[in-house]
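Undergrad: Taken in sequence, the protein lines are chains A and B.
Heads up: the first sequence at position 86 corresponds to 86 in my numbering, and the numbers run straight through without jumps.
Residues are numbered in my numbering as their position in the second sequence, beginning at 1, plus a constant of 179.
Simulated from the structure, these hints should not be mistaken for laboratory data.
Here the structure is a predicted model, which means the values were calculated and not measured.
Even glycine gets a Cβ: it sits at the ideal position worked out from N, Cα and C.
You may find that some hints are simply not true.
Restraint ranges, calculated between C-beta atoms of paired labels, are given here [said to hold, decoys possible]:
#: 1; chain 1: B; residue 1: I494; chain 2: A; residue 2: P160; range: 24 to 32 Å
#: 2; chain 1: A; residue 1: E139; chain 2: B; residue 2: I494; range: 34 to 42 Å
#: 3; chain 1: A; residue 1: T158; chain 2: B; residue 2: P492; range: 27 to 35 Å
#: 4; chain 1: B; residue 1: R434; chain 2: A; residue 2: R106; range: 49 to 57 Å
#: 5; chain 1: B; residue 1: V550; chain 2: A; residue 2: K29; range: 49 to 57 Å
#: 6; chain 1: A; residue 1: G12; chain 2: B; residue 2: D429; range: 29 to 37 Å
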Amino acid sequence: MALVPGLIKGLGVTGGTLLRTVFPDGWKKPIPNPVKGAETVQYPHEKEAPPPRARGVIALHEENCTACMLCARECPDWCIYIEGHKEKAPPRRAGGKPRQVNALDRFDIDYALCMYCGICVEVCPFEALFWSPEYEFSEPRIADLLHDKSRLAEWMETVPDFEAYEAGAETKVKKVPPT
Amino acid sequence: MTAISDREKLSYIAAQAADARLNLELETEGMTLNLGPQHPATHGTLRIIAKLDGEQVISAEPVMGYMHRGYEKLAEVRTYPQVTALVNRIDWVGSFANEVPFILAAEKLMEVEAPPRAQWIRTALFEMSRVANISLFLGDMALQLGATTPAFFAFRDREHVLNQIEAVTGGRFHPNFDRIGGLKDDLPAGWITETKRAMRKMRQFCDEMEQLVLGNEIFAARSRGIGVIPADIGLSYGLSGANIRSSGVDWDTRRDNPCGLVHSELDWKVWTHPDGDSFARFWVRLQEVRESTKMIDQLLDGLPSGPIMAKVPRIIKVPAGEAYVETENPLGVMGYYVISKGDLVPYRVKIRSASFSNISIAPWLLKGVYVPDIITILASLYFILGDIDR
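This is chain B alone, in the form it adopts within the complex:
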C-alpha cells in the first residue's frame, strides 16, 4: 500500500487546467453526453447526463428512479413476514443483508431477542452475503476498465458462496431466511465443512485478484489519483461503507454501533486507506472480502448450540412504537425506520439504502474529470441500481 505522491496529484490537476485553458482558447462548443439509461453492462438503469467541454466533464447529473418499485409503500400493505420476502429484492447481489436490519428493527419493537445460535448463524450469513456481493464488484470494476478475465474469475468463485447460501436457505439470490425472533431453519449437516472450503476458495480468489488486478500497472494507471474523495466532503455527502473507509475515515457500524449481530465477539480489523481514490476503494473492498471470510470461519468454529427460534406468536403483531436499526451492509450503511401502530402490517417503513447516498456524490466527483474516468469513478463507487431506486 503506497499513497500517491503529491507530485502525481499536482501533475493530474495541472493537466486538467491546461486542457481547460486550451478549450477556452479554442472556444470549443460544449456537448451533452448521455450515459444510459439502458446499457448492456448495467443490471438496472441509471442515466448520467454529462456536459462535456472537449474531453472534460463540466457537469454531470445522475438521473435515477427508472427502477423505482415503491418498496416503502408496498411494505405498508404487507405483513411482517411478507415484507421480509420483499426487501430481499432491494440489493439483489447481497440479499440476506437486506433482511437483517428490518428484522432487527421489528425485534426491537417486539422486545424479543433471537437465541445465540440464531444470532451467530445470522451474522455468518450476513458476512457471506457481503463476500458474494463484493467479490462481484472486484470482477466488475476490472471489467469496466477493460479486463475481462477477473469478471469470469469472480463469477466462478462467487458461485461457491452462493451454493452454500442456497444449501442452507433454499434460495441463491432471495434467501428469505430471517424471521422475527430467529431463523427459519437450522443448518443442514455437513454445511460447516463445505462453507469453510468455500471460504478457502474465496481467500485464494482474493490472492489471485491481488496479483491479477492490483498489481497490474494499467489498472493502477487508470485508477490511482482518479476520483479522490476527501474525508470531509465524503462525510458531508453521507457516504458510508468502503467508500468512506477508503478516504481514511475509520468508521464501521459493525464495530462502532453493534445491534443484534455478534461482530463484537470476533477478532477482526477495519481496513482503511488514506488515498480516497478509485484504487483505494478497490483495495479496501478486497481486504474486506478477505476479512469477512476469516470472520465466517470464526463464526462457524464458535457456533453455540441451542434453539434457533425465540418464543414468538404464530401471527405476528408488532406493538406500537418506532425503531430505527442500521447495519453495515455490503454497500454501506443500511437502515430501516419502522413505525408500527400495533397492527399486522407496519404503518410506515423508511429505508435508508447505502447506494442512494453513495451516488449522490457523483456530480461533485465527476466535475472536471475526463470522459474515460467517468467509468472508473462510477465503477469504483459501486452501487446496485435496485439499492438506489428501491
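Bound-form chain A, shown alone:
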C-alpha cells in the first residue's frame, strides 16, 4: 500500500491551519500573532461574551413578585424556596379601602440544585424572573450557592434587553423593567 499521498495531504491540512493561526493577518503582514489567530481565549484575562439569551443566572425583580408559588411548584427539582405574608397597604385613591398586598419574606434559589431549564422564568405570570447571561458565581462552599432575594435582585442589573426578532416573526418583544 502506498503510504505517501494521503499522509502528505493530511499534513498539508494541519500545516495550513498552523500557518493561519500563527499569521492571522495573511502574507501581507507576516507578523506572528498566535493570540489573535487562536480560536480559544485566555480566560481570566479575556472573556467571551455569551449571547443575551444565554441561561446563566436567574434575576429577581422583587416588586413584581406576589409570592404566588407558581415557579416553586413548577421547578423540576424544587430548588426555589418562597415564604410570604399578606400586608395591608394604603389605598390607591383617598377614601378607599386599604389594599391587601402579598409581601415577600424569603425567595431563595439553590443554584447547587438548579438545572437551568428556565421553567420558572417561563411560568412566572407577573414577569418577576429574568435570565441573565452572567456565569461567574461559583463558590468555594456549596452552601453559598443558595442565593437569597437580595443577591437575586443584584443580578437584575446584568439582565440584557430582549433582542429584536428575525424577519417574519409575529411574537412581541418583551421589555425588562428598569431597576
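Could you slot chain B onto chain A? The hints should help.
TA: Relative to chain A, chain B alone:
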C-alpha cells in the same frame, strides 16, 4: 468510494483462521480482559468483558447500566414541560433532537399541530443538533485510532454550531426549547446569517476531515474491512441510523416515515455505503453532516413567517390515549411511546433509544477480531453512554 475487494476480505479471514489454528496448536490459555467501566476517554461508563485467546477475542460482552438514571420512571412523576427538560439529558451531545419525538408524541395525543414557522425552526435545530453530534464523532473516531488533530478540529468547529444553538435557545447543551404546540421563542435578529456562516465553516470542516482522515492510509488500513455488518444481521439486531445505512440499507425515517418535521419539503439525499465496515460508517456519517448543513441552509432560506405557538392551554393536560412517534436522531431511530390517562403527568413513557440497539450487536461483531480492532469497532458504532443507559 471504493468497495473493498473480496481478496482483501478473504486475506483477513485467512489470517484470523491461521491465528486460531496456531492458538490451538500451542494450547494457549485464555485470558479475560476488562475494558472499562472507567476510562478517561469515555464520557460515561461502559464495561466490555472480552475473553481473549492470544490476540483474538473469543467472546465479548458489553455490561451496561452504570449510568442508569431511570428516565422512564422519572417521567411518570413530572409534568409534560418538565419531562422536556429531563429528556435533554439522554443523548447530551445532540440534545435538541431528544425533545422532538417526545413533543411530537404529546402533540399527537393532544391533536394540536405546531404552526409552519415553528415546524421549520424545529427541523433546523433538529439538524443542527445532528451536525453538533456527528462532528464530534468524526473527531472522536480518529482520536481513538491515534490521530489527535481531528479531535481538536472537531471541537473547534463544533463550537460554532453550539454557539448558534445557544444564541437561539439559551443553552449550549440542554436547550429545552421545544414546547407542546410550537417553540418557546422566535429567532433573534441576525441569527440566520450567523448560522449560514457556521454551516459554511462546517462544510469546510468536512472537507478538511475528508483530506485529513478519509484520505489517510493508516486510517484506511485500520478501518477498512474491520467490523463488517451484513445488512440482514444488522437489521435483525435492530440497528438504525448511519450504522445500518453504511451496510447498504437505504432506510431513513426522515424520508420514509416523516411525522411533524418538514424534511419532505427539502431537497436532500440519503447516503448509503455498500461495505458495512468501520470505514463505511465513518464515510456515511461524514456525508450526513454535509447533507445536514445543506438542509439547514434550505430551511433558513424558506422559513415561512407567522406565529411560533399554536393555541394550547397554559396548564397542559394531555387527553387519555397512546402514541408512538419515532424520528431519525443523530445516533439512529429514537422513539417515545407515551401513554396518558388524561392527567398532568404521563402515565408511562417508553423510550426507544438508538444506542441501546446499536451496542447490542457488539457481542456478535467482536467475536474473532483482534484486540486493537475492538476500539475501532466500538468507536465506529458510535454510541453515547447516556443514550444506552437512559
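Undergrad: Each hint: holds or not?
TA: Each hint, compared with the structure:
1. I494/B with P160/A: 24 to 32 Å: Cβ of I494/B to Cβ of P160/A: about 30 Å, so the range 24 to 32 Å holds.
2. E139/A with I494/B: 34 to 42 Å: Since the Cβ atoms of E139/A and I494/B sit about 36 Å apart, the hinted range of 34 to 42 Å holds.
3. T158/A with P492/B: 27 to 35 Å: Once the Cβ atoms are compared, 34 Å apart, the range 27 to 35 Å for P492/B and T158/A holds.
4. R434/B with R106/A: 49 to 57 Å: Given a distance of about 55 Å, which is inside 49 to 57 Å, the answer is holds.
5. V550/B with K29/A: 49 to 57 Å: For V550/B and K29/A the Cβ distance comes to about 51 Å; the hint holds.
6. G12/A with D429/B: 29 to 37 Å: Since the Cβ atoms of G12/A and D429/B sit about 35 Å apart, the hinted range of 29 to 37 Å holds.
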